[in-house]
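Number of protein chains: 2
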Amino acid sequence: MREIYTGKTKDVFLRDDGYVLLRFKDTVTGVGDTVDSGANEVIGEVAGKGRSSFNLTLRFFELLHEAGIPTHFVGIGPDVNTIIAKRARSFRLEVVCRAKAWGSFVRRYGNHVREGDPLPSLVEFTLKDDERGDPLITEDALVALDIVSREAIDYMKGTARQATALIAGHLSQRGLELIDIKYEFGEVDGRTMIIDEVSGDSMRVACQGRILLQTELAEAVLGRA
Amino acid sequence: MREIYTGKTKDVFLRDDGYVLLRFKDTVTGVGDTVDSGANEVIGEVAGKGRSSFNLTLRFFELLHEAGIPTHFVGIGPDVNTIIAKRARSFRLEVVCRAKAWGSFVRRYGNHVREGDPLPSLVEFTLKDDERGDPLITEDALVALDIVSREAIDYMKGTARQATALIAGHLSQRGLELIDIKYEFGEVDGRTMIIDEVSGDSMRVACQGRILLQTELAEAVLGRA
Chain A
4 MREIYTGKTK DVFLRDDGYV LLRFKDTVTG VGDTVDSGAN EVIGEVAGKG
54 RSSFNLTLRF FELLHEAGIP THFVGIGPDV NTIIAKRARS FRLEVVCRAK
104 AWGSFVRRYG NHVREGDPLP SLVEFTLKDD ERGDPLITED ALVALDIVSR
154 EAIDYMKGTA RQATALIAGH LSQRGLELID IKYEFGEVDG RTMIIDEVSG
204 DSMRVACQGR ILLQTELAEA VLGRA
Chain B
4 MREIYTGKTK DVFLRDDGYV LLRFKDTVTG VGDTVDSGAN EVIGEVAGKG
54 RSSFNLTLRF FELLHEAGIP THFVGIGPDV NTIIAKRARS FRLEVVCRAK
104 AWGSFVRRYG NHVREGDPLP SLVEFTLKDD ERGDPLITED ALVALDIVSR
154 EAIDYMKGTA RQATALIAGH LSQRGLELID IKYEFGEVDG RTMIIDEVSG
204 DSMRVACQGR ILLQTELAEA VLGRA
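Which chain is which? The protein sequence lines are A and B, in order.
Mapping of the first sequence onto the working numbering: residues 4 to 228, in sequence order.
Mapping of the second sequence onto the working numbering: residues 4 to 228, in sequence order.
Keep in mind the hints are simulated off the structure, nothing from the lab.
Treat each hint with caution, since some may be false.
Since the list gives no way to pick out one identical chain from another, each pair is judged satisfied if it fits inside one copy or across any two copies.
[What the hints assert, rightly or not] Derived lysine to any residue pairs resembling SDA-like cross-links, with alpha carbons at most 25 Å apart:
1. Lys103 to Val146
2. Lys11 to Gly113
3. Lys11 to Asn114
4. Lys103 to Ile150
5. Lys160 to Asp149
6. Lys160 to Thr129
7. Lys11 to His115
8. Lys103 to Glu219
9. Lys89 to Gly113
10. Lys103 to Thr129
11. Lys103 to Ser152
12. Lys103 to Asp149
13. Lys131 to Gly106
14. Lys103 to Leu148
15. Lys103 to Ile87
None of the values given here were measured: they were computed from a predicted structure.
Turn these sequences into a full structure, and let the hints guide you.
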């Protein structure tokens with residue numbers, strides 16, 4: 004087994020059987036002292052956060068699979084806070100689905116929208132490119148630059164909306180409100196599907212108007228360990 | 004007659020007859036010492052530049068009208084470098100049509116594209132918002148934020164491509180190459196159409212690989228005065 008990717012909140016290893024192993028870390032992203040899953044920089048560690056991401060990914064992937072939405076997930080890994088997944092060719096995109104205006108959306112369009120304004124499950128694509136601040140990209144530009152096909156775009160938009168409705172419903176049953184969520188998609192055996200993780204690092208969730216930390220989200224969704 | 008808008012390169016007055024008067028100024032936009040019609044800041048004045056913009060707008064609006072593409076243009080104004088136009092409700096958007104990758108497009112997507120790479124008349128929408136650096140916005144977000152309707156978006160995309168093909172052809176006959184061009188659209192008497200101007204301030208044009216200044220473009224298109 005060898006490491007093939009060192010991420011901000013996750014490391015990825017290639018196993019001898021051809022699957023990959025994802026290990027969730029305790030690192031958190033944010034700006035300055037403020038933890039924010041929408042941010043791009045690692046600002047520290049929070050004990051138990053890797054475990055939260057691991058457990059939430061299991062829960063949310065299960066939810067998607069039950070609804071017939073495929074992911075690259077294969078099973079729980081042998082080491083702590085690890086999952087086994089099929090190897091994927093990542094599109095290097097973030098597919099963001101927004102229920103309410105927050106974060107970068109308000110920074111971009113503050114002339115037209117206020118934080119918390121409802122949005123109709125709006126889907127946006129951004130490139131995973133830290134150096135350029137994960138720039139927004141239009142569907143036409145994705146096709147023009149040969150990053151993904153029109154068919155893959157349609158699948159990603161539809162699937163992101165379907166998955167978001169499921170996850171928002173699951174959270175709502177627990178008195179939680181999904182603000183926004185990002186997915187990564189890739190190609191597995193020639194088929195486009197959700198890859199990577201779906202955890203507190205992927206979403207902003209509010210409880211009584213306050214955005215939860217990832218560990219708080221895990222507790223609220225999974226119950227105290 | 005009273006001034007209703009002081010622009011970077013143009014002032015707009017409301018006439019007593021209800022039409023507006025657009026006066027083209029000698030101011031140029033750019034970054035640092037470099038004139039760039041794609042930039043957002045006024046960096047100085049170039050003698051004759053207002054006249055160039057005025058004459059080029061006349062030429063290009065004529066070209067559009069001959070092809071049946073409506074604009075808000077009514078006629079030449081009584082003062083130097085002025086045109087009379089119908090009053091419009093501007094959508095406060097820039098509709099950019101790109102024949103080749105340049106400027107902000109390369110800054111955003113430099114991981115996937117190099118300056119000068121061909122693009123298939125790619126249309127992008129940006130908000131006119133200096134404070135936020137004219138942010139890119141998706142078609143879905145334009146509709147979600149109630150900025151324009153889906154029908155207006157389809158009209159703007161189609162019209163921008165049609166106008167760009169005409170203008171690129173006109174330039175090509177003179178040995179010039181259109182790199183990119185931006186249009187402003189608005190509503191005039193309930194109908195969506197091209198408004199504002201179409202001049203050197205609206206486009207990047209290359210001759211033998213070098214981007215022309217607006218006065219050079221006017222000379223190349225209109226002949227020496």
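Practice item. Classify it for me, Lys103 with Ile150: is the Cα-Cα distance of at most 25 Å met within a copy, between copies, both or neither? Key: between (28 Å within a copy, 17 Å between copies)
Review point. Taking 25 Å as the upper bound on the Cα-Cα distance, should Lys160 and Thr129 be classified as within, between, both, or neither?
Key: both (13 Å within a copy, 22 Å between copies)
Practice item. Can you give me the call for Lys103 and Glu219, within, between, both or neither, at a CA distance of at most 25 Å? Key: within (20 Å within a copy, 48 Å between copies)
Exercise for review: Since the copies are identical, ignore which copy is meant and state whether Lys11 and Asn114 lie within 25 Å (CA to CA) inside a copy, between copies, both or neither.
Suggested key: between (32 Å within a copy, 20 Å between copies)
Check your understanding: Can you tell me if Lys103 and Val146 fall within 25 Å by alpha carbon in one copy, between copies, both or neither?
Key -> Classified as between; 15 Å across copies, 27 Å inside a copy.
**Study point:** Alpha-carbon proximity between Lys103 and Ile87, which holds within one copy, between copies, both or neither at 25 Å
**Key:** Classified as neither; 33 Å inside a copy, 43 Å across copies.
Check your understanding: Taking 25 Å as the upper bound on the Cα-Cα distance, should Lys103 and Ser152 be classified as within, between, both, or neither?
Key -> Classified as between: cross-chain Cα gap 20 Å, same-chain 28 Å, threshold 25 Å.
Practice item. First find the shortest C-alpha distance between Lys11 and His115 inside one copy, then the shortest across copies, and answer within, between, both or neither for a cut-off of 25 Å. Key: between (32 Å within a copy, 23 Å between copies)
Review point. For Lys103 vs Thr129, is the C-alpha pair at or below 25 Å within one copy, between two copies, both, or neither?
Key: both (17 Å within a copy, 21 Å between copies)
Review point. How would you classify Lys103 and Leu148 at a CA-CA limit of 25 Å: within, between, both, or neither?
Key: between (29 Å within a copy, 12 Å between copies)
Practice item. With 25 Å as the alpha-carbon cut-off, assign the pair Lys160 and Asp149 to within, between, both or neither. Key: Both: 17 Å inside a copy, 20 Å across copies.
**Study point:** Lys131 and Gly106: within-copy, between-copy, both or neither at 25 Å Cα
**Key:** both (17 Å within a copy, 20 Å between copies)
Checked against the numbered hints listed earlier, the structure breaks hints 9 and 15; every other hint is satisfied.
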